[in-house]
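A.B. asks: Sequence:
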Amino acid sequence: MDPRQNDLNIPVYSNKNLAPLSPYLNFDPSYLQTSQPEFIFPEGASRQRGRFELAFSTIGGSCMIGGGIGGVTGLVQGIKDTAAVGHTGKLRRTQLINYVMKQGARSANTLGVVAVMYSAFGVGLSWLRDTEDEINTLAASTTTGLLYKSTSGLRSCMKGGAVGLALGFAYCAFTSREKLTNWSNN
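Anchor point for the sequence shown: position 123 equals 167 in the numbering used here, and the numbering is continuous, going up by one each time.
Simulated from the structure, these hints should not be mistaken for laboratory data. Keep in mind the model is a prediction, meaning the values are calculated, not measured. Be careful, since some hints might not be right.
Calculated lysine to aspartate or glutamate pairs in the DMTMM-like style (CA-CA distance at most 20 Å, straight line) [to be verified]:
{"#": "1", "residue 1": "Lys223", "residue 2": "Glu178"}
{"#": "2", "residue 1": "Lys223", "residue 2": "Glu176"}
{"#": "3", "residue 1": "Lys146", "residue 2": "Asp125"}
{"#": "4", "residue 1": "Lys124", "residue 2": "Glu178"}
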């Protein structure tokens, strides 16, 4: 049962019980069962991604949005500052790039840190409470605001918590419109 090589140096078996190996992945295709339907989610599993899976896209999206907003803000500020100083040519272009990169990185890091904190609180609360609902969202957003501004003093900490709570309410109102209309009709 030793394989012979063909023109592409792929083993071809002479025994009829063995299927030829795939020339691309070097595996026996008879192991694949193509007669059964394929599902992304296992049977019995929920058809929604959990909070942990959503955390990765939340963090990445926040970093990208922060970088974009910061880059635009840096460009506007750079145009104002370099025009006021009178820079022209290559010097102005270099200064504009510096403004865009510095402000873009700063904003991306800030929003990324906020998203990591929010995701960590949200995942922790959903694991502690063993449920996923709006209370977790509101508690995670409020706690994120409190923690993010905790080093600025009590007044700033409370403002951060209030902003987090307001953003949490806005998010819950947007994503749970159907629940709110059903609740208000009853």
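A.B. asks: Run the structure past the numbered hints and jot down the numbers of the failing ones, going up.
C.D. replies: 4
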